[in-house]
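S.K.: Same order as they appear, the protein sequences are chains A and B.
Counting with numbering that gives the first Met the number 0, you get residues 0 to 387 for the letters of the first sequence.
Counting with numbering that gives the first Met the number 0, you get residues 0 to 387 for the letters of the second sequence.
None of these hints come from the bench; they were simulated from the model.
Possibly wrong hints are sitting among the right ones.
Copies of one chain are not kept apart here, so a pair can be met inside one copy or by any two copies together.
DSSO-like, lysine-lysine: derived pairs with alpha carbons at most 27 Å apart [claimed, not checked]:
| no. | residue 1 | residue 2 |
| --- | --- | --- |
| 1 | K23 | K131 |
| 2 | K340 | K75 |
| 3 | K131 | K41 |
| 4 | K23 | K118 |
| 5 | K42 | K75 |
| 6 | K48 | K361 |
| 7 | K110 | K41 |
| 8 | K75 | K118 |
| 9 | K361 | K131 |
Being a predicted model, the structure only gives us computed values, none of them experimental.
Protein chains: 2
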Amino acid sequence: MFNFDFYNPTRIVFGKDRLESIDKYVPVDATVLITYGSGSAKKSGLIDKVKAVLGNRKVYEFSGIEPNPCYETLVKAVEIVRSENINFLLAVGGGSVIDGTKFITLASYYKGDSRDLLKYGLAPIPFDVIEKAVPFGTVLTLPATGSEMNSGAVISYEHGKYAVMSELAFPTFSILDPTITFTLPKTQVANGVIDAFVHTTEQYLTFPVDGKVQDRIAEGILQTLIEIGETTVAEPENYDVRANHVWSATLALNGIVGAGVPQDWATHMIGHELTALFGIDHGQTLAIVLPALLEVRREQKRAKLLQYAERVWHIESGSEEEKVDLAIQKTREFFESLGAKTHLSQYGVGADKIPVVIEQLKAHGMIALSETQDITLDISQKILERAV
Amino acid sequence: MFNFDFYNPTRIVFGKDRLESIDKYVPVDATVLITYGSGSAKKSGLIDKVKAVLGNRKVYEFSGIEPNPCYETLVKAVEIVRSENINFLLAVGGGSVIDGTKFITLASYYKGDSRDLLKYGLAPIPFDVIEKAVPFGTVLTLPATGSEMNSGAVISYEHGKYAVMSELAFPTFSILDPTITFTLPKTQVANGVIDAFVHTTEQYLTFPVDGKVQDRIAEGILQTLIEIGETTVAEPENYDVRANHVWSATLALNGIVGAGVPQDWATHMIGHELTALFGIDHGQTLAIVLPALLEVRREQKRAKLLQYAERVWHIESGSEEEKVDLAIQKTREFFESLGAKTHLSQYGVGADKIPVVIEQLKAHGMIALSETQDITLDISQKILERAV
Numbered sequence: 000m001f002n003f004d005f006y007n008p009t010r011i012v013f014g015k016d017r018l019e020s021i022d023k024y025v026p027v028d029a030t031v032l033i034t035y036g037s038g039s040a041k042k043s044g045l046i047d048k049v050k051a052v053l054g055n056r057k058v059y060e061f062s063g064i065e066p067n068p069c070y071e072t073l074v075k076a077v078e079i080v081r082s083e084n085i086n087f088l089l090a091v092g093g094g095s096v097i098d099g100t101k102f103i104t105l106a107s108y109y110k111g112d113s114r115d116l117l118k119y120g121l122a123p124i125p126f127d128v129i130e131k132a133v134p135f136g137t138v139l140t141l142p143a144t145g146s147e148m149n150s151g152a153v154i155s156y157e158h159g160k161y162a163v164m165s166e167l168a169f170p171t172f173s174i175l176d177p178t179i180t181f182t183l184p185k186t187q188v189a190n191g192v193i194d195a196f197v198h199t200t201e202q203y204l205t206f207p208v209d210g211k212v213q214d215r216i217a218e219g220i221l222q223t224l225i226e227i228g229e230t231t232v233a234e235p236e237n238y239d240v241r242a243n244h245v246w247s248a249t250l251a252l253n254g255i256v257g258a259g260v261p262q263d264w265a266t267h268m269i270g271h272e273l274t275a276l277f278g279i280d281h282g283q284t285l286a287i288v289l290p291a292l293l294e295v296r297r298e299q300k301r302a303k304l305l306q307y308a309e310r311v312w313h314i315e316s317g318s319e320e321e322k323v324d325l326a327i328q329k330t331r332e333f334f335e336s337l338g339a340k341t342h343l344s345q346y347g348v349g350a351d352k353i354p355v356v357i358e359q360l361k362a363h364g365m366i367a368l369s370e371t372q373d374i375t376l377d378i379s380q381k382i383l384e385r386a387v
Numbered sequence: 000m001f002n003f004d005f006y007n008p009t010r011i012v013f014g015k016d017r018l019e020s021i022d023k024y025v026p027v028d029a030t031v032l033i034t035y036g037s038g039s040a041k042k043s044g045l046i047d048k049v050k051a052v053l054g055n056r057k058v059y060e061f062s063g064i065e066p067n068p069c070y071e072t073l074v075k076a077v078e079i080v081r082s083e084n085i086n087f088l089l090a091v092g093g094g095s096v097i098d099g100t101k102f103i104t105l106a107s108y109y110k111g112d113s114r115d116l117l118k119y120g121l122a123p124i125p126f127d128v129i130e131k132a133v134p135f136g137t138v139l140t141l142p143a144t145g146s147e148m149n150s151g152a153v154i155s156y157e158h159g160k161y162a163v164m165s166e167l168a169f170p171t172f173s174i175l176d177p178t179i180t181f182t183l184p185k186t187q188v189a190n191g192v193i194d195a196f197v198h199t200t201e202q203y204l205t206f207p208v209d210g211k212v213q214d215r216i217a218e219g220i221l222q223t224l225i226e227i228g229e230t231t232v233a234e235p236e237n238y239d240v241r242a243n244h245v246w247s248a249t250l251a252l253n254g255i256v257g258a259g260v261p262q263d264w265a266t267h268m269i270g271h272e273l274t275a276l277f278g279i280d281h282g283q284t285l286a287i288v289l290p291a292l293l294e295v296r297r298e299q300k301r302a303k304l305l306q307y308a309e310r311v312w313h314i315e316s317g318s319e320e321e322k323v324d325l326a327i328q329k330t331r332e333f334f335e336s337l338g339a340k341t342h343l344s345q346y347g348v349g350a351d352k353i354p355v356v357i358e359q360l361k362a363h364g365m366i367a368l369s370e371t372q373d374i375t376l377d378i379s380q381k382i383l384e385r386a387v
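Let the hints inform the model, and build the full structure from the sequences given.
M.R.: Given below as structure tokens:
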């Protein structure tokens, strides 16, 4: 097991009818900016319910944070935070709204050009760059990204997606009420399952370091997602199933799975370029890239792929090659069972577009991905060829 | 799944050679009281190493916190905190030292008779009773209780053991260096495995509420402890094995396993009386009580016992009764494989002593234990009879 640090101070308020807790955890004298997306939270009445709980606090709203939240949008909210002396942010939405709100909170006290904050990647922004941020809470509407219980965000700027990490970006609390997610479109629910699944595999399908309990937790999340995947899409109001979906997605990226073990974020990094270039939903890019990446990287990941085959998919017989083949096939079939397509060509993206993707990976410095930093652009190209 | 709140702000610093982090997380201007036990931390040189890292900070020491830390001892430390204006505590020890330090931190700002703090049991001490505590960190020397990453303590007073819970009692950080635990006596290592195992079963062997991911995490911890149990006792310097022991024990009681599921702390509560009356080590009382309790409660716990049999012990064949029997037998054998005795009579405690135990349970209000509050004194008596 590797040495590790684990720290996660976000308070989780989970279950039915938990919105009232907002009143407990937002300071009574706060001036609050509620941030949300394109309007479904408004139309459904959720924003009004949240405002009712906030009572006499001074409340502003900022809507229009888009999927893959854009720098240009977020800086407008930063201006409001500054001009209206906002001292608490409340994100009501899914990963994009929460990620965007993290950027707003970090940028609000930053004196320089806030595009600077996009340049640190997966390394935390140093405390001498930002030492203070606006505290914020979240009301989660989409179980997927885990952003409600971590300190990372992904921000879009021009044609790139940029990771932003800071301990100052942990939500102080997150309300996780599965019933709030009942009205989501089926595609978003499916994407959420895939996102949580791939977050888990990226911290698990690497090389063994004898992190026994981390492996078992990862396998437990994967097995849970497999068990509930089709039902959480097909039966949106099945509370128990959705509750397991929500909690698994949060646990998949709150630091517990990845503590002390190698991590391989190549699927996300390649996927980000596909979203930025072709507008393919984030979850769907992962469903395309992961099976292809596992094929190309089967030798480097052999030991963990065999463990995955046996413990997650209960594949008992066959040669090692056959077990690995079957595990990858079952992964692909699982994504497809949720309604996702797993080939680029199904989105009209052919092999002729691969050079453009490689160019963008190069432009964004993604030239040494994986748990061993040896996915060069050549290997990314092989993965993309396999994904067509 | 039940509604739940989860909050755990303790920072974990895990791995080899991590003591230097103390310098990062203890304020530079702190006046520190280092708390420890009967002297092994001093004799091994660990206290001196910790003091070296603390550098120029003003440092006091308080030694002599005993196993099952006593109120009378701890109030002496409270006097030092007050008289010397201590504003940071650093517990160097196992669960007893950390639990004792939690009591010290809570009692230090409490104006009344600090025995008041013993009366809240498993309910958190209200914030209007204590609103402030001295921040503290820990250096863990014994993987067992999970106290290094939770907000609970058990304090001994006269002939009772009293639970004390408060959000103010989370360590701000805990250093978990498995190599520090290499020199522990084998019995303490074994007790640590048993304690972590039983913490997990107490949040798992109850009744099903479809907490799929919580169940999988519990099963993962149990499987890990089973895998590493004998080796962590037999090969104290096997780093990977001990690292898995340490991290499993922390995760077993940091709130993740118990979030949203029923809990049955009866084994601990009955065990506490056995320690208080007969001086049997805490871990050993659990090895005695758990198998007996599972026998007596097999009907109430049937569904989870069958799941436990199948998923943890891989018992595939036989009738339901046979599976449950075998799972309980394997649990007992596991404890025995670590060198623990699983019968009261092996400690010279016969059936004639049961009325005394029942009297103490009654005196401490332990008249409605379990996940359904239906372990009456009559049922505790049956469990104890079975445990002789």
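S.K.: Next, verify each hint and record whether it holds.
M.R.: Okay, the hints, checked on the actual structure:
no., hint, result
1, K23 / K131, "both (23 Å within a copy, 18 Å between copies)"
2, K340 / K75, "neither (36 Å within a copy, 67 Å between copies)"
3, K131 / K41, "neither (30 Å within a copy, 39 Å between copies)"
4, K23 / K118, "between (36 Å within a copy, 26 Å between copies)"
5, K42 / K75, "within (22 Å within a copy, 61 Å between copies)"
6, K48 / K361, "neither (46 Å within a copy, 47 Å between copies)"
7, K110 / K41, "neither (32 Å within a copy, 49 Å between copies)"
8, K75 / K118, "within (20 Å within a copy, 53 Å between copies)"
9, K361 / K131, "neither (33 Å within a copy, 52 Å between copies)"
The structure shown violates the earlier hints numbered 2, 3, 6, 7, 9.
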